Amino acid sequence: MVNVIIDGQKIQVPKNYTVLEAARSANIDIPTLCYLKGINEIGACRICVVEVKGARSLQAACVYPVSEGLEIRTNTPAVREARKVNLELILSNHDRKCLTCVRNRNCELQKLAEDLNVQNIRFEGETYRFPVDDFSPSIVRDPNKCVLCRRCVSVCKNIQTVSVIDAQERGFKTIVASAFNKPLSEVPCTMCGQCIVACPVGALREKDDVDRVWEMLSDETKHVVVQTAPAVRVALGEEFGMPIGTRVTGKMVAALRRIGFAKVFDTDTAADLTIMEEGTELLGRLKEGKNLPLITSCSPGWIKFCEHNYPEFLDNLSSCKSPHEMFGAIIKSYYAEKMGINPADIRVVSVMPCTAKKFESVRPELAATGTPDVDAVITTRELARMIKEAGIDFAALPDESFDNPFGDASGAGVIFGATGGVMEAALRTVAEILAGKPIDSIEYTAVRGVEGIKEAVVELPGRTIRAAVAHGLGNARKLLDRIKAGEAQYDFIEIMGCPGGCVTGGGQPIQPAKVRMDIDLKVARAKAIYDEDKSLPIRKSHENPFIKKLYEEFLGEPCGHKSHELLHTHYTKRTNY
Amino acid sequence: MNGQKCCTFVGTEEQAQKLKEVIEKHKNQKGALIPVLHEAQEIYGYLPLEVQKMISEGLNVPLTEIYGIVTFYTQFSLNPKGKYKISVCLGTACYVKGAGAIIDKIKEKIGIDVGECTEDGKFSLEATRCIGACGLAPVVTINDDVYGRLTVDDVEGILNKY
Ligand code: SF4
Ligand code: SF4
Ligand code: SF4
Ligand code: FES
Ligand code: FES
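From first to last, the protein sequence lines stand for chains A and B.
Using the working numbering, the first residue of the first sequence is number 1, and each one after it goes up by one.
Using the working numbering, the first residue of the second sequence is number 1, and each one after it goes up by one.
Note that these hints are calculated values from the structure, not bench results.
Just so you know, these numbers come straight off a predicted model, no measurement behind them.
Far from chain A by the CB rule (all over 10 Å, computed), these chain B residues:
1. Ala-16
2. Lys-20
3. Glu-42
4. Thr-92
5. Arg-129
Subject to a maximum C-alpha distance of 16 Å in a straight line, what follows is the list of computed EDC-like cross-link-like pairs (lysine to aspartate or glutamate):
6. Lys-84(A) with Glu-51(A)
7. Lys-161(B) with Asp-145(B)
8. Lys-182(A) with Glu-50(B)
9. Lys-53(B) with Glu-186(A)
10. Lys-53(B) with Glu-65(B)
11. Lys-182(A) with Glu-65(B)
12. Lys-157(A) with Glu-65(B)
13. Lys-573(A) with Glu-365(A)
14. Lys-527(A) with Glu-451(A)
15. Lys-25(B) with Glu-39(B)
16. Lys-105(B) with Glu-156(B)
17. Lys-540(A) with Asp-440(A)
We put the CB at the ideal spot given by N, CA and C, even for glycine.
Excised from the complex, chain A in its bound form (with noise of 0.2 Å):
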């Protein structure tokens, strides 16, 4: 510990802080805009400045380290002028239209202009008009409501490992952008959407499909089911102002039906149906010994990420479609055949909270019926304006259920949204079948928890698996150069594109910087997953009672014939650049 002094305040504090950290410890507010917790401290913006005693000129205080004695002033004439005439300079070129941003009202930069009392900009800025990028089918780039904080190159770069944006030209030209100006949907990007939730402004967004979801519930021809992943649950009520981590699952359903989706399905269900398919899929490689280690195929960031840069594991993939994608060729099957339905008037929209799954449902591929496994994908962000846009009070809403057949999830299935969770999911599953009996101990904790690679030896009957879990691409890259070197063997990987998981996806609600300087999203996010999960009646994916029936009506066994054609797909090599 050091002791420092600031504002006149003496306090201890960690030898490893910034003047930053230490003022917050001290509930001395010091704005910041390009400053971003454990991704982005690279002290651009200057909108950070404080006065050092001793020290000449003004300093950042996101990248400044305290020292014992240090005495800091936050609050002086010259400071104050410091940072207005930084944030005036950033705000002279900038595309101000607050009214129709994405952003408003959650926009870092329009609270500084707030909190740093900026009522008159004093210069007239050079501004270049730069194209906006919205070709890709889930990340929209407007440079001109950038102001080159650096946190999306960050994260792109440093955690996801992926490096498609970066600062090019210089002066007033510089902007965030492809190697060439390319178009995002021509560069190797995962569309993570990572690079969204670090963005502090306007200038990333995902691709907006809510007015297309508008229209197909307004076509009275069509029969327009919703379905929502685990993560949405925990995450859309923050876009309502209630604490991170509150669960909001009976409200979320009451909304949809209110929007006026036909049924409101729950995708835990065909996770637990994806469990069923890769639990026996790996049961299968182990006896083999073939394609090992298998590999989860849940997520879209990450099977990209791998058809770009790992083409040698593809054939590791497990070749399970991705639980919503299973849901929809069930949904335009087995339920159209039940409820007497054609398919092509069945409309299937997903409620994600990821960017990547916007991608995903337009792959050829994915289409069993002929027609698209789901027909659109939005966010927890898009749902959440949809729901604005209703007029519906969401915190006064009722708590409604899922609808059935499809309501009915396992614990097993809620706990996809978190890392480690599917590899949770498939052991309870797996575990049983290879002992043919019931288990009662089913929490498999090691896989749990934040750290970026987790690594356990999971004793199943008669059967040793090494298992590891990684989230994050920038840990995907890790753990698999790891494997191409010889320098580990596993029998299952679980693979996440998102650090945390789903649960901390590109689509989720954005909190900003001065939040996540305080709070996890990831811990508290999956806290309220697994407590969704222990209040959860069944908690083996096998024990869902729809699903043991849909396998006896309909797809007879796991793996069998009409799971291939259903479930399964199967991946591309593709080329970088």
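Place chain B with the ligands on chain A using the hints.
Coordinates of chain B with the ligands only, in the frame set by chain A:
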């Protein structure tokens, strides 16, 4: 920038071999990228996508980063120089005497923008800072030929000489 006009890239086996050697030579050095880019530009005269890709793969540096560096430093060029390299001085003296209108006229005549090269590879166009011939302002050079005290009406005649 994307969609710029340019002649298509044609590299020879020999050039590719040379670049490979350069990459090999610097591969395990720290800060290898800048010297490799310099040598690559010497080999090819400019740094198009194809060349940057070879460097990206060879040095295992993301293409995005390489492109960022190439566009940041003015000494690197994304476009080939034409057989005839037109440079229009946009220094203060030339600018005041109407270099802006001259460059516009040249653009119109040969149909390319600053930093580009005509599709047949004949002309390339660039804007420069003061070249120290202010007495002749406005000044245009084409390879080693210097043209001074120009008016917009002179442009066509000069271009026709090439
Ligand atoms: S990015 Fe922020 S400041 Fe800029 S227009 Fe959008 S809401 Fe307004
Ligand atoms: S979506 Fe992911 S891969 Fe694509 S630019 Fe953003 S962070 Fe990078
Ligand atoms: S796109 Fe957003 S995150 Fe990226 S540099 Fe611009 S403002 Fe920052
Ligand atoms: S320099 Fe500290 S927040 Fe940008
Ligand atoms: S300004 Fe053109 S030569 Fe000096």
